[in-house]
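S.K.: These are the residues of each chain, in order.
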Amino acid sequence: MSRRDVLRRGGSFSLAGLALLLPPELLAGQRVEGARTATEWLVFTDHEAAVVKEASARLIPGPEDDPAEVGHPGAREADVVRYIDTMLGALSMSPAKVFAGGPFSNRAGSPVDDMAHFIGLSPAQAHGWRLRIAGYRRAYSIGVVALDHLAGGDFERATNTVRDEALTKDPDGFASLLFQHAAEGMYSVPEYGGNRGLVGWKDIRFPGDRQPRGYTPDQVSLSDGPDRYRPRGAAATLLALMRASSGR
Amino acid sequence: MTGARASVAVVGSGPGGATAAKVLAEAGHDVVIFEKGRSYFSNLTSDLPGTVFSNDELKTDRNFAEADPLSEPRVFRTSTADKTPFVGAVQSLPQTVGGGAVHWDAKTPRYWDIDFKKRSLLGPQPGAAVEDWPFSYEEIAPHYEVIEQLIGVQGSRAELPPLTRRHAPHSTDFPMPPGPPQYSSLLAAKGAKAVGLHPFPAAMAINSREYEGRPACNNCGFCSDYGCPILARIGALAPLRDALLAGAELRERSTVVHVGHRNGRVHGVQWLDEHGNHHRQLFDAVVLAGNSIETVRLALFSNLPDPYRATGRYLMFHWFTDGSGIFLDERLHGYRGRDHTHDIDDFANPEFPGARRAAKEAGLPYFRAGKVEMGGTDRPLGEAQQYVGILPVLAPHKPFGRAFKELMRSSILRDRLLGLTLMGEDLPYATNRVDLDRNVRDWRGYPVPRITYSPGRHELAAQAFYMPWMVKLLEAAGAEVALAIPQEPSARFPVGAAGVPSTDHIMGGMRMGRNPATSVTDSEGRHHQLENLFVADGSVFPTSGGHNPTLTIMATARRNALRWAAAL
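Chains A and B supply the protein sequences, listed in that same order.
Following the numbering used here, the numbering of the first sequence begins with 761 at its first residue and continues without gaps.
Following the numbering used here, the numbering of the second sequence begins with 1229 at its first residue and continues without gaps.
Simulated from the structure, these hints should not be mistaken for laboratory data.
For every residue, glycine included, the Cβ atom is placed at its ideal position computed from N, Cα and C.
Mixed in with the good hints, there may be bad ones.
Distance ranges between label pairs, derived from CB positions [claimed, not checked]: (1) B:Thr1273 - A:Leu891: 35 to 43 Å; (2) A:Ala894 - B:Gln1509: 15 to 23 Å; (3) A:Asp984 - B:Arg1669: 47 to 55 Å.
Reference excerpt, derived from the structure (chain A facing chain B, CB under 7 Å, subset only) [what the hints assert, rightly or not]: (4) Gln885; (5) Arg892; (6) Tyr896; (7) Leu999.
Okay, chain B solo, but in the shape it has when bound (with noise of 0.2 Å):
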């Protein structure tokens, strides 16, 4: 550390800007956060914030944690060809205090050895650009420790299967002991033993008991998706309340457009308040933390200097595909609890027995999916749109009345429904993207980010060969009926559960790597044109591993914010 006090601008106060606000401003630094959402809490430096999150549907619906779809659209086309692009919400993670861990269930598992050596240990793909990260799976091991640690995370350590245990070993356990399993997850455990699996306890960053003064989760099923009424999810509260706590300062509502730049280095922000008033300040840093779309749509407002055109490219999601179990015999009660509650990971295994030879036949070295979430299910008013969208296909005649009634109280789709959620890897593609739609702006007429993004052949591959997996779970599970579906439609499977990608797992767009040309910025998240910028979310992923993200960002926020501290 040079010793000085820097000041530092941190753009966003989600999992990845709170955790590097926490780190600079605990260095001495002195760190202002802008968060561009508004705060649905109080009391943000006490260790149990108060909150007006509620178990209410239709709040959530009405996207009362993300943007307004018709003030801040999105354009999403699957590439360059696509004519009929659509305008809306996509990949919408919230704008609030606190980001994407406010709506989250909090699946924090953590990604394997083989992410961050995935080109030296798996070698290359055709047509995408696999990298190792610039750290290890040791180097970054102590960092998921600690955030584990602050952010209270539940597990059980020796129920790991061997698979997790050997490319993601814990050296302690995990903080708090796992809370009560959902039934409809133990059914799902039990199939997936059935047919050679290995479920276990998902690790969550949720309090199965009383953790630093916040209570336990008392299992009110409106996790996914909501914001937790009680607070036992903390998420990125817990590192913004450190921050806060060591002079950081908080600016909610305030919308940085624009970074300013000369010569190599950043010099200060402009920004908006609510009211649509300009400010500009000087900052001797600047973090981008705004996840990948707006973090790549900032800098291409700010014309960052990008000589190799790389900036927004290889934006990865994670390929979903959704598995559905309908029992007949009993009600499953999904919507009790923290959305699911087990886990297999034997699908995120590139040597998962048939794979290799899968993939072989695919025209691919290997491949790899992902965890796959086991147990959960809909809500009432998700259930009857689902109902009131389909009847015209089942009831043509009089597409509403009775057979509607009957079909909620049936509750195929909600009550009787098991539910699983495949992640697969995305690879890294230079044609999938985030740029800008100069044709479309937001409510104050600024170009709204345009995201191009198709799966790849492995993607494609991967998913073909587990859907008869999860099928064959489902049924052991005890469904009478059992299906699974790709949650976007793509030229394999032309029929999809939704029509744009809506998986909320967001990375890539400034990756991390050592060569300029192929990557954004450099091995430790710095801008690698501009020496005093750093980013510290999701977009500085060289590979998207198939696990959820938001611990890796934290993690990895934490490891690289502990180098610039002692920089600046």
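Next comes chain A alone, as it looks inside the complex (with noise of 0.2 Å):
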């Protein structure tokens, strides 16, 4: 069963419409490329690295942003914003970070980790990635301002109530392609930036990548025992959705 298409065609935004919401000294204050001093981060500014880190841990919370989390980390602690940072500069890194490298990661039987040694990208790839990248480095920029805007100015220093609010009101998909971004570096591999110790993986209780060692026959072809699920709020309404439109 492949689901991938169907998965990877969801999500659409539109640059120009975002940048029609805001007002326009806002958008005279964006960041310029050249004018940075020296930070820790490739493509982001501190600011917006800093917006960025609070906005995921928003979108994907740990024990630190909400009290129900005790216990299951999040995007602060799976550095989702240390991922994203990777993503939008994987062109300035030689061979580009965009395709990690195979057939084994360390982690399930091998002494090496190929997963570590990136693969560099063939003309048609990067030509690819250079306006896939360029498009989201605007995404970035705007949608940070547009977060600081809704925010009251500064979404860094906002409560946590109203930056909900900002990010429930989707400045024009931005806080949808951020989710959708900080997922990525919550259940990917690590060697992209994110997964940090593999927090993510470890609180769905996913293996993650399984080669050379592969899976006994038992654990392919054996129950794993009962383990009883007692659907509630989200998942109960998405269980009940489901039932209405059952295809019988």
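Make one complex out of these two single chains by using the hints.
M.R.: This is how it looks when you write it as structure tokens:
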């Protein structure tokens, strides 16, 4: 069953529409390439990094961000902001940090982490990624300005309630884009800069990459035993929605 | 055979191209294989090539193996009247050495006897160009057997249900026994049996034991959509290796953009290297094997003679329906294994109880869906993006935060999901086609393929009939919530899981046939107007069948290429 194509088609956003929403004086204040001081970030300014870090921690909260998530690391702990900064700066590295190598990491029986060595892009791939990353960079520059604006001037210093309201407004899809990238930083192999300490996988009980060890026949064929889930909240709503549209 | 060595260009290194290249090179011809994509393999002439494919979901989502849709988009529209065409990834098969046999989970069922004689045995369908194939099941069967040995297929002849044995008989057992069954597939098989259907271990070109120097599959679970990190799934690399050992040359990152022709013969190709430099080379013959979409695109770039405007028409995918069963009492770990391990063939039977009557009510003489793949699930990034997409509906006041984390931990759409995929047969319609969109260009400035495609009454009637069966099966398997949903939306079912076709089963466009007015290639895949131009991919299929096409692509390429090799 292959549902990947289904998924990667979701989520669209428009930069032009977003720019129209913003007061012109805010856009005029956008960061100018080259006028930056040295930071620990490849692409972000310190302020952008702080906003992205705080915003992604609202989207995928950890113990510091939501009392219900004690014991459950989130975007902050997984270092999602590092993942996103790495993606936005992927072409400034050689080889580009777009495709991790293979065939194995050192997490499932190989002594060597091949994934740590990235694979250079072909000219056709490089063309696509230049366009894609340029679009993302514009989206982040403008999106951070929009979140600051919606949070009364500075998202970084706003309360969680105000931050949540700003993100719920999803200024022309920026929060959705950030959510998509935050999920990538949470659950992808750690070589891309996120999922630090594999906290994303541990929280959902996913073993991650599995070569060269694989799974034993018993692990493939037998039940892992009872594990009752009692749906509530959004999960209960989702199941009700699925029941209602069963196709029967 | 004339005895002379002919120089032959094969365009495409996937299952069809590699098979044709092997046959031609082993017959003593000088073969150059042009592959537009790059190679992710080393030591292609060894039994066990090296690879950089890995268990990396993000890499796969970033189109590691496929063309980047920003560099090489395609256009999709549902009809000529569709005013909002989609531009992006459409039916995007891998663009790499090895082609479509790189990303697959290698399910290799044979087509049925009735597929090859569809018109004679089942009759015509209104609005569709249903035809017989130029050969029968009996003729293609020995080629199936050779390919099954070559790429190493696991399966159990004894466990094939009577229906499958009758329509696709195997004269010998599979090269390897089935590997360990997946728990979720076993649950589905139990459900299928309980409602009177006939599950069986799926035929797949994956090693269940060491085979010709390559290891047994260790069930890592990153199978469908992933290149195999240990080459337990060799696919097109097996015939490619044989072609290279017989002297063929492989040119990766080399894009053929024109096939030269004059007076009923082709005389060579123009191609671009990866830096965009133009090259020309003369050949005695050319084989096209870029799949239905890219082969038709190259035919149109080259202005190949097309007196009846048949090129690109009768494009077929498979009309997919997804089933989802949710289990709340246990986790199913569908992420371990070979995507899925069990199939049913019942819905491929035009005589399925009630099917004739339902067809009649829909105004059709008969209908047919196809194989159902049972088991398997999504991976974490895919699951997360589903929740990101649906949370604005589930929790509009705050569509993120702890609700998302709880969904991920509950894993309703991954660890507790049992998936089904029904691949329904697509009839050939003249209106479903590939042409060029001159307003959208790829990164090099060439017009991109435009796909015009909608299901017909046949596909939708079969889907409507079998969707409730999928729900019944899932409920009998123990699912607390079960639903069936079309993969693509249609006039009949406006909600689909995907926006545009993404089945990766691509057939037709250069269909074989005796009549040049309704086909592009003759009964051995030779172009009707160009005596030394051949086609070796799924574009030659006259009808689509109801099963995964790759084994039939390879068997057909072998059957035809043996004739070409002798005639050159």
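S.K.: Now tell me if each hint is right for this structure.
M.R.: Structure-based check of each hint:
1. For the pair threonine 1273 (chain B) and leucine 891 (chain A), the beta carbons lie near 37 Å from each other, so the given range of 35 to 43 Å is met.
2. Checked against the hint of 15 to 23 Å, the pair alanine 894 (chain A) and glutamine 1509 (chain B) fails, with Cβ atoms roughly 37 Å apart.
3. Checked against the given bound of 47 to 55 Å, the beta carbons of aspartate 984 (chain A) and arginine 1669 (chain B), roughly 51 Å apart, stay inside it.
4. Taken as an interface hint, glutamine 885 (chain A) checks out: its beta carbon lies about 5 Å from the nearest beta carbon of chain B, inside 7 Å.
5. Satisfaction of the interface hint for arginine 892 (chain A) is found here, the shortest Cβ-Cβ separation to chain B being roughly 6 Å, below the 7 Å cut-off.
6. Checking tyrosine 896 (chain A) against chain B: minimum C-beta separation of about 12 Å lies over 7 Å; hint violated.
7. For the restraint placing leucine 999 (chain A) at the interface with chain B, the shortest Cβ-Cβ distance is roughly 5 Å, inside the 7 Å limit, so the hint holds.
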